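Peer 1: Below, each chain spelled out in residue letters.
Protein chains: 2
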Amino acid sequence: MAEKTIAEELAKEMKQTSVAEFFERNRHLLGFDSKIKAMLTCVKEIVDNGIDACEEMIYECKRKRKDYVLPEIHVKISKAGEDRYTIRVIDNGTGIVKEQIPHVFTRLLYGSKFHKKKQGRGQQGIGVSAAVLYSQLTTGKATHVVSKTGPDKPAYFYDLRIDTSKNRPEIVNEGVIERFKWDHGTQVELEILGTYLAKGEKSIYEYLRRTSIVNPHVRITFIDPEGKKVIFPRTSESVPKEAKSIKPHPYGIEVGDFIRMAATTKAKTALTFLTHDFSRVGPKVAKEILEKVGVNPRYKPSQITREQAVEIVRIMQNTKFMAPPLDCLSPIGEDALRKSLRTELDAEFVTTVSRSPSVYKGNPFLIEAAIAYGGSLPTDKQVKIIRFANKMPLQYDAGACAITETISNIDWRRYGLSQTGGRGIPVGPAIFLVHMASTWIPYTSEGKSAIAHYDAIMKEMRLALQDCARDLRRYLSRKHKALRQQQRTSTFIKYSEESIKALAELTGEKEEVIKEMFNKLIEAKTGGAPQISEPAAPKDEDFEEIDKFIKEEGEENE
Amino acid sequence: MAEKTIAEELAKEMKQTSVAEFFERNRHLLGFDSKIKAMLTCVKEIVDNGIDACEEMIYECKRKRKDYVLPEIHVKISKAGEDRYTIRVIDNGTGIVKEQIPHVFTRLLYGSKFHKKKQGRGQQGIGVSAAVLYSQLTTGKATHVVSKTGPDKPAYFYDLRIDTSKNRPEIVNEGVIERFKWDHGTQVELEILGTYLAKGEKSIYEYLRRTSIVNPHVRITFIDPEGKKVIFPRTSESVPKEAKSIKPHPYGIEVGDFIRMAATTKAKTALTFLTHDFSRVGPKVAKEILEKVGVNPRYKPSQITREQAVEIVRIMQNTKFMAPPLDCLSPIGEDALRKSLRTELDAEFVTTVSRSPSVYKGNPFLIEAAIAYGGSLPTDKQVKIIRFANKMPLQYDAGACAITETISNIDWRRYGLSQTGGRGIPVGPAIFLVHMASTWIPYTSEGKSAIAHYDAIMKEMRLALQDCARDLRRYLSRKHKALRQQQRTSTFIKYSEESIKALAELTGEKEEVIKEMFNKLIEAKTGGAPQISEPAAPKDEDFEEIDKFIKEEGEENE
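Listed in order, the protein sequences are those of chains A and B. Using the numbering used here, the first residue of the first sequence is number 1, and each one after it goes up by one. Using the numbering used here, the first residue of the second sequence is number 1, and each one after it goes up by one.
Hint data in this document are derived by calculation from the structure and do not stem from the laboratory. Careful: at least some of the hints might be erroneous.
Repeated chains share a single entry, so a pair holds when one copy, or any two copies, can fit it.
[What the hints assert, rightly or not] Each computed DSS-like pair below joins lysine-lysine, with the alpha-carbon atoms no more than 27 Å apart:
#	residue 1	residue 2
1	Lys384	Lys181
2	Lys166	Lys118
3	Lys268	Lys15
4	Lys76	Lys4
5	Lys116	Lys166
6	Lys166	Lys113
7	Lys166	Lys12
Only a predicted model underlies this, so the values are computations on that prediction, with no experimental measurement involved.
Please model the entire structure based on the sequences and the hints provided.
Peer 2: So this is what it looks like as structure tokens:
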């Protein structure tokens, strides 16, 4: 028998790695690279899912004209040993049917959201099963899940592990429990290796606080490892309008997606496939496109060849279509944005901008931005940046995020902030907030803590920030003018003392009378000495910068 | 029949997403977020695999005491339309057996490297199938693969697509071709949407150049879209020593991995499981650990409970073990590092450091660093940073990389470079180079262009850079001293002219004679006026910084 080639020997070692094994080895991709971050990631993944489930419940009830309850999220973290914590989260959302519970919590890339074009907190079907995977990796404990889907339904429980080689559930225990907190909802309890941060930018407290602010219809109760209870109250009874599921927009649709859609569509002809299955494609344009590539509009969609698909996609990307419908996105809104910034500090000045929706790679998205200025913020530190994606705070990987990158690329000197060389994070007493809402957020990793650098997204971020920046510049400029006016007035008053005395002596008139005349004069000349509070006055160099650019106001790059 | 609960309705939408579908949607995770980057990623993934296959061939031949051929890589890029390019890469590696070809090129997470603890360029089984996926997504074309495993074997070809919903191959065409360039090897040809950069930091040219420098035994031929041929010659006939496959080191082993290993080990007892299946675990320590957690050393490994496994792993991480064996890692080496920097510029000064191996999460790794200074580099720009991982250049995502972060966290002012506030990338005429070699590189995303921020790794990077930095400081300090000496000498010479004249007049001796005496005196006093080249002299402030810290030399944080 012939000797084996090296390739034959290597062939024996070839095998498929399961997605669970891949992420087990690469757990930093999921947000589990440090014990502090791991704690936050676990809580975040479960809470995000919980809020999604609560909103699903409400929207479905609204559609059916039924009564509904507003979202409640309970989070409890307790110490379970050295560097070990138990995390328990309960929501009053839809609940999960018994048969699906093991799959939802143990299978990576399993869920209902991936194939929907709909703005949601979860999107990939990785989050909560990643938390279960991390718990299993670090403590070996099973995850305890209880779920109830309605008042007449039993509350089922499962103790679950992941069979990582198969990416499938391993059911340790299951049954029914007597009592559940609400009529419907889900409870998740897992034990992990972690480090608990009581406060600060990257803490769970901060995550819940920011989540509560941009989701004012949600009531969050938090019990920390010391047993202290904090309630983030519901500050609005009104539920944000539902983000609608939409069809893919022709801009940026991928050939692969197009072919898959053509193979599985219910449309009978190529023409109706284009007009029904895509957003904003009218029959006239559709017909033109099909004719250009030599596809008979009455063909079956599945008859479109791969080469024709490539051509159709290319032409669609170069054809003018309306922007996607507005109602597929749910912004935070200017009120909540303002409030969010007001709770950060007692700002002198807050400005907010909500851009109209735009599209990247077929996905509609919308950018909101806000800038707060002054208050008790330090004047010699970099501005604070607060990032949100689909109403969830982003607390890690700032350096990798498109938001940070966009801010660094703007020349902030022209808007009244200091910045070395016109690049990098500017310095000044300000907070910048940016929110991206989209049917699909392109995260830089599965851990969902930073937004990838797509040009179309960064352009919208830049325009939103520049809008805010122009308001800031106007404010700083007015403030500077007022300051100068005040200075002129006080100089005038200072010198008038002498003049009043001299005039009184010369005329024989009483000093008070002459003073009164002077005051009237001052008022007439200055329009009343403006009284402005001055907690953190910008330095004069700042104003020179502003003055230099104030003439260019109209010529902003837009 | 009762009305369906909302949870029941949602349940119908639940499904498993395939890993290919996931990456299709998130292609930026694979390095395909822009057309420029996509080109580079495709070439890189195929070339990296090619070099791995060539080295496999050589090491196997060496083990069998057979003759071998040195690695050859041919890369050809040709224009195929507007924004479209055909990429063809041929290597003279092992080749792939016929049955495996479709799987290797179309299944994500498929391969022989994932479960090996061995330093290699590929590690995840994603790279090349990701390139095929991107080609299919953007041009709809099938990928053409030819492979031959030995002189007597036929060269098989396949035209392949990915069935993304199943993560399985779709064979479009297959057969045998008559002629192949070498006795064994693989050829991959695919067409993609891309943008070709002829030169620059992020170009394919730069990737191949840097790859060639740190892999001097590889000969690379490159034909660019204009038909221009560049050969990166082989500069060394000696093949680097083979990186050995090792057993996991007990530091940082995960509970999940431990349990999987215990379930599948060939060891008959818990004791031999620990001593045979882990690196550096001796029988005495193993016995102590097992007894501590109440496991009889003669138990079968599969009898270890999950709770006991958690305890064993915890204790192992707190027990002293030897560092992993050195021969599992293959460094670039000081020669190639120096050469790499010398080709970047004609530096005045180059220093290199190779740290001893260390461990993060059970994976041995090793950091090499080098600093080049001076030459024609600009003095007012940030230093240039060159990053490598397992001998592959990293050209993207610098902001997200542990190397950049480590450099930013060092106070470079104490080593003679300028840096605002002692943080951030320093400014000066220098190039920093850092290489990480490991059995498992923790990339920040599947696109493999940045290293994740693990503390243990960043600590080693810092120590390596500080080692280089101290050499740099010494060099700059000597240079400064020499400069001052030179100044003193020239001052002395300037004044001596007058004295010589006066002395000649007084003594009646010839000026030449007295000048000769003076020259001898100067030489004796100064040890010879040092002649140093001065292409980019550091500013005096730099030296003040250096002088200030020069006394602390011995107390460096180590």
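Peer 1: Now, for every hint given, state plainly whether the structure supports it.
Peer 2: Hint check results:
no.: 1; hint: Lys384 / Lys181; result: neither (39 Å within a copy, 59 Å between copies)
no.: 2; hint: Lys166 / Lys118; result: between (29 Å within a copy, 24 Å between copies)
no.: 3; hint: Lys268 / Lys15; result: between (41 Å within a copy, 26 Å between copies)
no.: 4; hint: Lys76 / Lys4; result: neither (60 Å within a copy, 32 Å between copies)
no.: 5; hint: Lys116 / Lys166; result: both (25 Å within a copy, 19 Å between copies)
no.: 6; hint: Lys166 / Lys113; result: both (22 Å within a copy, 19 Å between copies)
no.: 7; hint: Lys166 / Lys12; result: both (20 Å within a copy, 22 Å between copies)
Comparing the model with each numbered hint stated earlier shows that hints 1, 4 do not hold.
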